[in-house]
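> Residue numbers (numbering that gives the first Met the number 0), protein chains in the order written: chain A, 0 to 504; chain B, 0 to 504.
Keep in mind that a hint or two might mislead.
Straight line, CA to CA, 20 Å or less: simulated SDA-like cross-link-like pairs of lysine to any residue [what the hints assert, rightly or not]:
id: 1; chain 1: B; residue 1: Lys16; chain 2: A; residue 2: Asp208
id: 2; chain 1: B; residue 1: Lys16; chain 2: A; residue 2: Leu60
id: 3; chain 1: B; residue 1: Lys14; chain 2: A; residue 2: Thr55
id: 4; chain 1: B; residue 1: Lys14; chain 2: A; residue 2: Thr51
id: 5; chain 1: A; residue 1: Lys16; chain 2: B; residue 2: Ala41
id: 6; chain 1: B; residue 1: Lys16; chain 2: A; residue 2: Gln456
id: 7; chain 1: B; residue 1: Lys16; chain 2: A; residue 2: Ala106
id: 8; chain 1: A; residue 1: Lys14; chain 2: B; residue 2: Gln48
id: 9; chain 1: A; residue 1: Lys16; chain 2: B; residue 2: Glu59
id: 10; chain 1: B; residue 1: Lys16; chain 2: A; residue 2: Thr51
id: 11; chain 1: A; residue 1: Lys219; chain 2: B; residue 2: Pro40
id: 12; chain 1: B; residue 1: Lys198; chain 2: B; residue 2: Glu254
id: 13; chain 1: B; residue 1: Lys16; chain 2: A; residue 2: Ala57
id: 14; chain 1: B; residue 1: Lys14; chain 2: A; residue 2: Gln456
id: 15; chain 1: B; residue 1: Lys207; chain 2: A; residue 2: Asp208
id: 16; chain 1: A; residue 1: Lys219; chain 2: A; residue 2: Ala57
id: 17; chain 1: A; residue 1: Lys219; chain 2: B; residue 2: Pro39
id: 18; chain 1: A; residue 1: Lys219; chain 2: B; residue 2: Ala41
Bear in mind the hints are in silico, worked out from the structure with no lab data behind them.
2 protein chains.
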Amino acid sequence: MTVQKTTPALYEEYKAKMQKIADVRNAMSVLGWDQETYLPPAGAAFRGQQLTTLSTIAHELFTEPALGGLLQELGQREDLDAVQKKNVALSLEDYEKNRKYPAAFVAELSTATNVAYHAWIKSRKENRFETFEPSLNRMVALKKQEADILGYKDHPYDALLNEYEKGADVEMLDKIFSDVKTSLLPLLQEIAQQPVPDKKFLHLHYPKDLQWQFGIDMLKAMGYDLNAGRQDVSEHPFTTSFSPQDVRVTTRIDEQDLGNMTWSCIHEGGHALYEQGLPTEQYGLPCGEAASLGIHESQSRLWENNVGRSLTFWQHHYGRLQSLFRHNLLAIPISDFYRAINLVQPSLIRTEADELTYHFHVMIRYEIEKGLIGGALETKDLRDIWNRYYSDYLQVKVPDDVRGVLQDIHWSHGSFGYFPTYSLGSFYAAQFFATAKKQVSSLENDIASGQYDRLLQWLREQIHVHGRFYTSNELCERVTGEKLEFRHFLDYAKEKFGGIYGLKY
Amino acid sequence: MTVQKTTPALYEEYKAKMQKIADVRNAMSVLGWDQETYLPPAGAAFRGQQLTTLSTIAHELFTEPALGGLLQELGQREDLDAVQKKNVALSLEDYEKNRKYPAAFVAELSTATNVAYHAWIKSRKENRFETFEPSLNRMVALKKQEADILGYKDHPYDALLNEYEKGADVEMLDKIFSDVKTSLLPLLQEIAQQPVPDKKFLHLHYPKDLQWQFGIDMLKAMGYDLNAGRQDVSEHPFTTSFSPQDVRVTTRIDEQDLGNMTWSCIHEGGHALYEQGLPTEQYGLPCGEAASLGIHESQSRLWENNVGRSLTFWQHHYGRLQSLFRHNLLAIPISDFYRAINLVQPSLIRTEADELTYHFHVMIRYEIEKGLIGGALETKDLRDIWNRYYSDYLQVKVPDDVRGVLQDIHWSHGSFGYFPTYSLGSFYAAQFFATAKKQVSSLENDIASGQYDRLLQWLREQIHVHGRFYTSNELCERVTGEKLEFRHFLDYAKEKFGGIYGLKY
Numbered sequence: 000m001t002v003q004k005t006t007p008a009l010y011e012e013y014k015a016k017m018q019k020i021a022d023v024r025n026a027m028s029v030l031g032w033d034q035e036t037y038l039p040p041a042g043a044a045f046r047g048q049q050l051t052t053l054s055t056i057a058h059e060l061f062t063e064p065a066l067g068g069l070l071q072e073l074g075q076r077e078d079l080d081a082v083q084k085k086n087v088a089l090s091l092e093d094y095e096k097n098r099k100y101p102a103a104f105v106a107e108l109s110t111a112t113n114v115a116y117h118a119w120i121k122s123r124k125e126n127r128f129e130t131f132e133p134s135l136n137r138m139v140a141l142k143k144q145e146a147d148i149l150g151y152k153d154h155p156y157d158a159l160l161n162e163y164e165k166g167a168d169v170e171m172l173d174k175i176f177s178d179v180k181t182s183l184l185p186l187l188q189e190i191a192q193q194p195v196p197d198k199k200f201l202h203l204h205y206p207k208d209l210q211w212q213f214g215i216d217m218l219k220a221m222g223y224d225l226n227a228g229r230q231d232v233s234e235h236p237f238t239t240s241f242s243p244q245d246v247r248v249t250t251r252i253d254e255q256d257l258g259n260m261t262w263s264c265i266h267e268g269g270h271a272l273y274e275q276g277l278p279t280e281q282y283g284l285p286c287g288e289a290a291s292l293g294i295h296e297s298q299s300r301l302w303e304n305n306v307g308r309s310l311t312f313w314q315h316h317y318g319r320l321q322s323l324f325r326h327n328l329l330a331i332p333i334s335d336f337y338r339a340i341n342l343v344q345p346s347l348i349r350t351e352a353d354e355l356t357y358h359f360h361v362m363i364r365y366e367i368e369k370g371l372i373g374g375a376l377e378t379k380d381l382r383d384i385w386n387r388y389y390s391d392y393l394q395v396k397v398p399d400d401v402r403g404v405l406q407d408i409h410w411s412h413g414s415f416g417y418f419p420t421y422s423l424g425s426f427y428a429a430q431f432f433a434t435a436k437k438q439v440s441s442l443e444n445d446i447a448s449g450q451y452d453r454l455l456q457w458l459r460e461q462i463h464v465h466g467r468f469y470t471s472n473e474l475c476e477r478v479t480g481e482k483l484e485f486r487h488f489l490d491y492a493k494e495k496f497g498g499i500y501g502l503k504y
Numbered sequence: 000m001t002v003q004k005t006t007p008a009l010y011e012e013y014k015a016k017m018q019k020i021a022d023v024r025n026a027m028s029v030l031g032w033d034q035e036t037y038l039p040p041a042g043a044a045f046r047g048q049q050l051t052t053l054s055t056i057a058h059e060l061f062t063e064p065a066l067g068g069l070l071q072e073l074g075q076r077e078d079l080d081a082v083q084k085k086n087v088a089l090s091l092e093d094y095e096k097n098r099k100y101p102a103a104f105v106a107e108l109s110t111a112t113n114v115a116y117h118a119w120i121k122s123r124k125e126n127r128f129e130t131f132e133p134s135l136n137r138m139v140a141l142k143k144q145e146a147d148i149l150g151y152k153d154h155p156y157d158a159l160l161n162e163y164e165k166g167a168d169v170e171m172l173d174k175i176f177s178d179v180k181t182s183l184l185p186l187l188q189e190i191a192q193q194p195v196p197d198k199k200f201l202h203l204h205y206p207k208d209l210q211w212q213f214g215i216d217m218l219k220a221m222g223y224d225l226n227a228g229r230q231d232v233s234e235h236p237f238t239t240s241f242s243p244q245d246v247r248v249t250t251r252i253d254e255q256d257l258g259n260m261t262w263s264c265i266h267e268g269g270h271a272l273y274e275q276g277l278p279t280e281q282y283g284l285p286c287g288e289a290a291s292l293g294i295h296e297s298q299s300r301l302w303e304n305n306v307g308r309s310l311t312f313w314q315h316h317y318g319r320l321q322s323l324f325r326h327n328l329l330a331i332p333i334s335d336f337y338r339a340i341n342l343v344q345p346s347l348i349r350t351e352a353d354e355l356t357y358h359f360h361v362m363i364r365y366e367i368e369k370g371l372i373g374g375a376l377e378t379k380d381l382r383d384i385w386n387r388y389y390s391d392y393l394q395v396k397v398p399d400d401v402r403g404v405l406q407d408i409h410w411s412h413g414s415f416g417y418f419p420t421y422s423l424g425s426f427y428a429a430q431f432f433a434t435a436k437k438q439v440s441s442l443e444n445d446i447a448s449g450q451y452d453r454l455l456q457w458l459r460e461q462i463h464v465h466g467r468f469y470t471s472n473e474l475c476e477r478v479t480g481e482k483l484e485f486r487h488f489l490d491y492a493k494e495k496f497g498g499i500y501g502l503k504y
């Protein structure tokens, strides 16, 4: 006779297993953070090996049949509260997805990714897409295979999208990017008719230490808790979390470009506020994780754009900025500064794009990925397709591969389905911000006076605290009363850029 | 019919298992390094949990019966080379030792250590030994139990010593500390009759940035490879290694004490040169690890004292130091500087002690540990014993517990048997250095001109490259032609301090 374990005892067992896995994954994050910030050059090879080992251990722990049995048993228990039920359901889902991958496939993908990454590096050095193409082709084949392993209803790309943004699919994205085309393109064309604001003064010499100080000040003002976080310097800014009590951001400082540090600090700060706001008691469990990449990006974009590129924001901060950089900014009125930081201008490089043209960069990648995974496009034609899209949508001529089809690292990592979350993030941000404006009556005054605690409180309660309890779509509906609607971004864009460029809307 | 695996295949299997364990342990070291350098305060609790998880995983991997079987099988193979044989033998020894610990004992020790650590902190705050005494008593009981688990021939303390310094035992240490008493004490007494050199100028204001720069310069001069290492700031200076390609040191800078940074950089630099000199191809295997704590300490002490506190060393560096700190040092002749940095004076705090009195601090702890573990002493009498020893050996009166019996953290960690390695390190250092002087004919000239590459090369070939292939004693005999002999330290001390204090020897 076996004695049945009580539900609380089973749940504790499950929690302990999940926290053990989280500890290993967070250790990986520490090693990853160190790799980007402080690792001495010669240490890279052994660090790679150490990360692989931890990743293998985490995978082994998360695919243990004992965990599966426990999850199945818990899934049948009725005496769990709603959050516990959701945790168990999501863990079971994650577990079953993980178990779908044959070991041979995982090894193959890992090898191919490594090859593709190095081919991409080489390809960029040579400025020649052909060097990367065979590896990319291999990655696409493997990703198609992955879509089959994971399963999908309509389009194989849906399976990949789902890894980054649960519930998002080609149908939803086609609709959204069709809105982008039909309504954002006319706005861009109108803006293109207007005189181009001057932004040369943003590229004078801005000393490193003063930029650093201003960045830290902004992070603090936003409510980023430096007692449970820190900022360091890395080549590419990022946010990483080892627990809600240790969430770190990095920044990059370009002494010839004030914008580089400024909006990267605010952007990463937005990500970090989300991570710091996740419920500590759910550490290691799905409800202690961010809802999705799109929702994560909504938090960074909301702070970066809706707040950090608004005139109201700078009404509070501009004086301080001017006093830090007197020689560069004292003669520049805030209105000129505001126009300069919101300059809209088609360009070649996604990461340097403005708030509006950015989404055409994402759309191009989305169209390409969908085509590759769906079989409508082939990698050998990619340079031509890329260059044609850039000419069609952004009216820019791609001069070489490094500034074209080779510019992003993502495909070499096999991250197909990731790009759309960048746009989704901005669109969620606009929708959330519109709701916040209605629900937090003091919002405009708060921002004008550098007080963000009520906004942060609202984001915490509406979004952060739920973790993965709701999918992005559910969360969006719950917070804003409707599913994701592009028109919120469009309204925001028209009001803001209409104002800046003197357009009539 | 089972097909027998070839020895190379078996050895590769063993190596892979050991490297996996090493990867986990090195990940722990990264997390530990981060904890001491950059961890935000609120992150401490989850970090503790993450470290515990990794430690459990490493322990599980290292006690797997499959590993035991593999080691036993390999132990019977004849077709291994000498290094491979040694690796297998040492791993088997480590494995069997690990398996001796009952899980319940490990858990009990871990809990008791945690309690003892916090009691020690509290006790120090209250400046009251009684608060710590019950926990210390518990630790001693557990450590006696550990000695029984591990087994020993003559004295239970031998079992604990063996964990830090294989082969060292009470018989050896009694002899050495008896030499310390009979021959170092008279030297101290003679020095005490001499006028006390002035060292006030070492405690003027020394700006942090300039000290940092000087420290980095010294590390570079010593041959510390910053391409495979880095320096950061921590409360207590330490060296940690994530592979021979990533060996990090930390330092502490006190603007009122030039010595603090200076000799801690050289000391940690010595440890780091050892780690950087370990054979990379033996990563994860015993022959890729340091021989023992005593040998490790010999490397730091050799650089710190035999090199870094010599007049010859400063003949090269003092000019640069003077130019960095003109106001403080320009009027100080090198002879006064040399006397000041070698001031001998009994004091209360071990970590601040000079090169000679230091060993009385260690001896006192050794006598106490031996007594506690052997049963001749009880923790309740410890304050009295401590204070009596300090009065007897060092003629200092202990004013309170914080400056007395509570000063070291080690016992709260359960590190009984660790202290003697500090003295062994200095004694090995003197013996190695005496040999180096004979074998590296240019040594004095090299040091006088700031060239340490030949010394480093000698240390690499004689010591570093062997890893754990030889025990400390074997290594010492191999390098110097004899077992550890205290007289080398005594000769060094008499020549140096006889010169400084004008004594006749």
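> Against each hint, give a clear statement of whether it holds in the structure.
Consistency of the hints with the structure:
With a C-alpha separation of about 47 Å, the suggested pairing of B/Lys16 with A/Asp208 is violated against the 20 Å cut-off. Pair hint B/Lys16 plus A/Leu60 holds up; C-alpha atoms about 17 Å apart against a cutoff of 20 Å. The suggested pairing of B/Lys14 with A/Thr55 holds, with an alpha-carbon distance near 17 Å, which does not exceed 20 Å. Of the pairs offered as hints, the one joining B/Lys14 and A/Thr51 holds, with about 16 Å between alpha carbons and a cut-off of 20 Å not exceeded.
Annotation: proposed proximity of A/Lys16 to B/Ala41 is violated, straight-line Cα distance about 24 Å (limit 20 Å). At most 20 Å may separate the alpha-carbon atoms for a hinted pair to count; B/Lys16 and A/Gln456 exceed this at roughly 49 Å. Annotation: proposed proximity of B/Lys16 to A/Ala106 holds, straight-line Cα distance about 18 Å (limit 20 Å). A distance of roughly 14 Å separates the Cα atoms of A/Lys14 and B/Gln48; the hinted pair therefore holds under the 20 Å criterion.
Taking the CA atoms of A/Lys16 and B/Glu59, the gap is near 15 Å; set against the 20 Å cutoff, the hint holds. Only pairs whose Cα atoms come within 20 Å are accepted, and B/Lys16 paired with A/Thr51 is accepted, the gap being roughly 14 Å. With a C-alpha separation of about 16 Å, the suggested pairing of A/Lys219 with B/Pro40 holds against the 20 Å cut-off. Straight-line distance between C-alpha atoms of B/Lys198 and B/Glu254 comes to about 15 Å, which keeps the hinted pair within the 20 Å bound.
For the suggested pair B/Lys16 and A/Ala57, the alpha carbons sit about 16 Å apart, so the restraint of at most 20 Å is met. Under the criterion of a C-alpha separation no larger than 20 Å, the hint pairing B/Lys14 with A/Gln456 is inconsistent with the structure, at around 53 Å. As the CA atoms of B/Lys207 and A/Asp208 are separated by approximately 17 Å, the hinted pair is consistent with the 20 Å bound. Using a Cα cut-off of 20 Å, the hinted pair A/Lys219 and A/Ala57 is violated, with the two alpha carbons roughly 34 Å apart.
With a C-alpha separation of about 14 Å, the suggested pair A/Lys219 and B/Pro39 falls inside the 20 Å cut-off, and the hint holds. For the given pair, A/Lys219 sits about 16 Å from B/Ala41 by alpha-carbon distance, which is consistent with the 20 Å threshold.
Comparing the model with each earlier hint shows violations of hints 1, 5, 6, 14 and 16; every other hint is respected.
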